[in-house]
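Novice: Since each chain comes alone in its own frame, lean on the hints to assemble the complex.
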Amino acid sequence: MVVTVGWYVALSVALFTVGALGVLLRRNALIIFMSIELMLNSANLLLVAFAREYGDLNGQILVFFVLTVAAAEVAVGLALVVVIFRRRKSINIDDMRLMKG
Amino acid sequence: MGQPVVFIALALVAILSAFGMLLSHNAVHAALFLVLNFITIGVFYIVLAAPFIAMVQITVYAGAIMVLFLFVIMLLGAERLEGAQNVPNTAWQRPLAVFLAAVLVLAFGYLIIQEAVSATGTALPPLDSSPQAIGELLFGSYIFPFEVTAVLLLVSMISLVVWKAQDKRG
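Chains as they are written, first to last, in this note's numbering: chain A, 1 to 101; chain B, 102 to 271.
Since the hints were made in silico from the structure, they are not lab data. One should not assume that every hint holds.
Quick partial rundown of chain B residues pointing at chain A, CB under 8 Å, derived from the structure [claimed, not checked]:
#	residue
1	Leu135
2	Val173
3	Val263
4	Trp264
Owing to the predicted nature of the structure, the values given are computational and were not obtained by experimental measurement. Quick reminder that beta carbons are idealized off the backbone N, C-alpha and C, glycines included.
Pulled out of the complex, with its shape left as it was, chain B reads as follows (with noise of 0.2 Å):
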């Protein structure tokens, strides 16, 4: 599953830049740290045998997704809006996010440590991962998932239009 030296790099980046989309206080670079997490998890991808959902990872998620998040962000002026003006006291919040954020990495840590007593590097078996695999699972097992994944887009899509009319209107 690849070289230690490959895996800590990439994943000192991917953590990084998930700290820098956390706390940076302008909107668009949150968007570009993030473009870099996805690119670090698409290498992770390749790292791991499946080139075909690394190449669909940068175009869909490092790309498109990316993409209308800027767009929303330049489209609304948002780069910097944060603080809320007329809200009453909120300030026990953040000491009580952190909390439970550490809560739920001492959970996973716990479960990871106790399974990774009985881990051993074990040989990989094969795995075809080339995009005719792929394709022939996907048209294959599982064509009435993809078929549903058409009508998800197609209702997101009808709504988004919906939206906009009533927007016109109202």
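Here chain A stands alone, though its shape is the one from the complex (with noise of 0.2 Å):
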């Protein structure tokens, strides 16, 4: 029995499967975030496994712009829960609906 890519593009499914249940299940508007990044990271892992496959190293310089993209996303998430719950005292996103008519 040889590992090949496979084993890992089932892996980073699973992962992303798990993330995008947690968007979807969740209300915490953090919990959120964090399957986010949990997404963002299957998605690195199956760059760095296919880099390895195709001895590559393109795809690893694409998971470090990841990286910095990700970083600098929670930075402005995460300022944006603490505005929100600063004026609402709640980061329940089904308690925000300004917005709906």
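Specialist: Here it is as structure tokens:
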């Protein structure tokens, strides 16, 4: 039995689905952010696995950029959560429906 | 790409910690499960001959980003904020979410099985993933995206400062 890239694809799919479930199921904005990070990570794992499969370093460089964008996204997103919590005393996304007619 | 035993053990830890993140009621526990998940994925990177990415993963993701999460959770005292107080009936969302996730898994699984029939464990090509090789690529052909990343980080930093200034005024 040899570990092929298919095993990594399966693991990445499993992690991505758990992340997607987290976004759909949980109502806490912080946990939704964490689930998005989990999905980004599963994509990164796939990039590194295929970089190994094809002996191509470009995949690892892309992971580097994804990491940077994720860091910027988390900083802005968490600041948004803090501002919303200060104004509305809640980070439950079901409570955020000011724009509903 | 690693021994099957190593892969299965690490994959179990990764998937179980992801489910722990999904199901835990306390946001601090969820964050700590996610740290475990990130570290496991970092070990996968080492198995996949990407030591530099593994170290970046542990310092940036498991270190900086998750510390930021924990800091915000504890700053807000938001460990147990769940369950909407005054929201009309949203019970139908839960089965729908599970159904959509099942559809996602089935669609991906179909593609994987279709591809896996033709996949064989061929010999892996050599890969030089030393920090020197990554640096030469990053500052060589990827120099423009690298500069754009710097602008992105600057923009996010400026936006935070502007927000803070408006928050004090308003």
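Novice: Please go over all the hints and tell whether each is borne out by the structure.
Specialist: Status of each hint after checking the structure:
Residue-level restraint check for Leu135/B holds (minimum Cβ-Cβ distance to chain A is 5 Å; threshold 8 Å). The interface hint given for Val173/B holds, since its Cβ lies 5 Å from the closest Cβ of chain A, which is under the 8 Å cut-off. Taking 8 Å as the C-beta cut-off, the interface hint given for Val263/B is violated, the closest approach to chain A being about 10 Å. Below 8 Å, beta-carbon pairs count as interface contacts, and Trp264/B has one with chain A at about 6 Å; its hint therefore holds.
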